[in-house]
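> Single-letter residue listing:
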Amino acid sequence: MNHSVSMTVNGSKRDGNVEPRTLLVHHIRENLGLTGTHVGCDTSQCGACTIMMNGKAVKSCTVLAVQAEGADIMTIEGLAKDGELHPIQEGFWEEHGLQCGFCTPGMILSSLDLLQRNPNPTEAEIRHGIEGNLCRCTGYQHIVKSIQYAANKMAGAAGDD
Amino acid sequence: MYPAAFDYHRPGSVQEAISLLQENPEAKILAGGHSLLPAMKLRLAEPGAIVDLGSISDLKQLSLNGGATIGAMCTYDALLNSNELETMFPVLHEALAWVGDVQVRNLGTIGGSAAHADPAADIPAALVALEAEFVVVGPNGERTIPASEFFIDIFTTALEPEEVLTQIKLSAPDGNVVSAYEKFPHPASGYPVCGVAVVVTRDGSGNVSSARITATGSVYVVTRLTGAEDALTGTGGDASAVEAASERATEGVSEFAGDHYASSEYREHLTKVFVKRALNRALGN
Numbered sequence: 001m002n003h004s005v006s007m008t009v010n011g012s013k014r015d016g017n018v019e020p021r022t023l024l025v026h027h028i029r030e031n032l033g034l035t036g037t038h039v040g041c042d043t044s045q046c047g048a049c050t051i052m053m054n055g056k057a058v059k060s061c062t063v064l065a066v067q068a069e070g071a072d073i074m075t076i077e078g079l080a081k082d083g084e085l086h087p088i089q090e091g092f093w094e095e096h097g098l099q100c101g102f103c104t105p106g107m108i109l110s111s112l113d114l115l116q117r118n119p120n121p122t123e124a125e126i127r128h129g130i131e132g133n134l135c136r137c138t139g140y141q142h143i144v145k146s147i148q149y150a151a152n153k154m155a156g157a158a159g160d161d
Numbered sequence: 162m163y164p165a166a167f168d169y170h171r172p173g174s175v176q177e178a179i180s181l182l183q184e185n186p187e188a189k190i191l192a193g194g195h196s197l198l199p200a201m202k203l204r205l206a207e208p209g210a211i212v213d214l215g216s217i218s219d220l221k222q223l224s225l226n227g228g229a230t231i232g233a234m235c236t237y238d239a240l241l242n243s244n245e246l247e248t249m250f251p252v253l254h255e256a257l258a259w260v261g262d263v264q265v266r267n268l269g270t271i272g273g274s275a276a277h278a279d280p281a282a283d284i285p286a287a288l289v290a291l292e293a294e295f296v297v298v299g300p301n302g303e304r305t306i307p308a309s310e311f312f313i314d315i316f317t318t319a320l321e322p323e324e325v326l327t328q329i330k331l332s333a334p335d336g337n338v339v340s341a342y343e344k345f346p347h348p349a350s351g352y353p354v355c356g357v358a359v360v361v362t363r364d365g366s367g368n369v370s371s372a373r374i375t376a377t378g379s380v381y382v383v384t385r386l387t388g389a390e391d392a393l394t395g396t397g398g399d400a401s402a403v404e405a406a407s408e409r410a411t412e413g414v415s416e417f418a419g420d421h422y423a424s425s426e427y428r429e430h431l432t433k434v435f436v437k438r439a440l441n442r443a444l445g446n
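Here the protein sequences line up with chains A and B, keeping their order. Numbered according to the numbering used here, the first sequence spans residues 1 to 161. Numbered according to the numbering used here, the second sequence spans residues 162 to 446.
Only chain A is shown next, with the shape it has when bound in the complex (with noise of 0.2 Å):
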């Protein structure tokens, strides 16, 4: 039996019809149409597939659409405002943060649930709160510096408040 859900995503409200299996990147990417959250692994590893739910990064291949009903969900494609980029897309813009790409919408959204937490991590602590996101291509090195490199950005717009 399906079931009615309703979210908000990226600041709309948006219903839908689901099988109770359906897990909820497949009803962002094939039902809402917001194809920015990939599906790596599809086993909880990867990250590719993270997304911000309530304010905190998860794994949305590991959550049930029903299981968000009601919640406020945030996509890679909500994060810039206005056309302008997120410091943290800034970040890996400027840095080389990505070569193919794949890892990086949830590599971007894991480092907001990191930064909003800790605001000036060590690269330690970088490391530390990236590990649950993978990525194939970088080695990682690029990636640290585009977080540190939002870091300072988002430290510095705080600081002219």
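Bear in mind the hints are in silico, worked out from the structure with no lab data behind them. Fair warning: this is a prediction, and the values are worked out from it, not measured in the lab. Where a beta carbon is used, it is the ideal one built from N, C-alpha and C, also for glycine. Be careful, since some hints might not be right.
To be verified - Only pairs whose alpha carbons sit at most 30 Å apart, straight line, appear in this in silico BS3-like list of lysine-lysine: (1) B/Lys189 with B/Lys221; (2) A/Lys145 with A/Lys56; (3) A/Lys56 with B/Lys221; (4) A/Lys56 with B/Lys330; (5) A/Lys13 with B/Lys202; (6) B/Lys221 with B/Lys202; (7) B/Lys189 with A/Lys56.
Stated by the list, open to error - In silico negatives: residues of chain A with every beta carbon more than 10 Å from chain B: (8) Gly11; (9) Lys13; (10) Asp72.
Place chain B on chain A using the hints.
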């Protein structure tokens, strides 16, 4: 990967959840979903019905009043954010911090980990070392199961099919209590190849008056290492006493886990090593 089809239920109360379990004998309880959903996607589990506890807000409460009463649906992340819990029970905080990665900790729950009883889970080691009490509610009302009787075997607990784990209770540390959790993580999965939790109480003169030491990952069900506990009790808890205790750590343990990654002999060895590391850190040696 899709799970096999199932009926989905989202009760608003524990009583409603129990009724659903009675009406659907094939049902499984869904907590954080980070063990059950992967198993369902791989078709290792194909429950006909799911009872999702996610809407029962009572189960997400953490109450600290001397000891701790932890709602079964508290996420690892919610518990890690409690400074008071960390101060009172360092061993639990350290075990929580070792679980999975941030995304897993944001959704996975302490009750889910306990009820699932994965032999390589971190949390049961801390809960047994802290002598936690498990409050469960079923058709016949509420009962409390001591930690020593809760974990029975691989993926097997004392929970009856129609019972729901609602709370985990921890008594306040009595006297001078130190604790720690040390782990050798599998480099790919992060699960403990061997994890050791220690909770040690010292008397007024600094001698060890009681020790509770548990192993996970290296054994098929979380196990009290009574040889090490006995060896440490009554000593001054210095490095030589810890060394002697670690030598007796595997005494009486009937079987160590072994697989293609780590043999049972290696895990037995690791258990001694990690008993030593955990005790030395906890005792400040």
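> If a hint holds in the structure, say so; if it does not, say that too.
Results of checking the hints against the structure:
Pair hint B/Lys189 plus B/Lys221 holds up; C-alpha atoms about 19 Å apart against a cutoff of 30 Å. Our distance criterion of 30 Å between C-alpha atoms is met by A/Lys145 and A/Lys56, whose separation comes to about 22 Å. Of the pairs offered as hints, the one joining A/Lys56 and B/Lys221 holds, with about 16 Å between alpha carbons and a cut-off of 30 Å not exceeded. Among the hinted pairs, A/Lys56 with B/Lys330 is consistent with the structure: their alpha-carbon atoms are about 27 Å apart, no more than 30 Å.
Only pairs whose Cα atoms come within 30 Å are accepted, and A/Lys13 paired with B/Lys202 is accepted, the gap being roughly 28 Å. A C-alpha spacing of about 26 Å is found between B/Lys221 and B/Lys202, which places the hinted pair at or below 30 Å, so the restraint holds. Between the alpha carbons of B/Lys189 and A/Lys56 the distance comes to roughly 26 Å, so the proposed pair stays at or under 30 Å and holds. The Cβ of A/Gly11 lies farther than 10 Å from every Cβ of chain B, with a closest approach of about 21 Å, so its non-interface assignment holds.
For A/Lys13, the requirement that its beta carbon stay farther than 10 Å from each beta carbon of chain B is met, with the minimum near 19 Å. At roughly 14 Å, the least C-beta separation between A/Asp72 and chain B is larger than 10 Å, which holds for a residue marked as non-interface.
No hint from the list above goes unmet by this structure.
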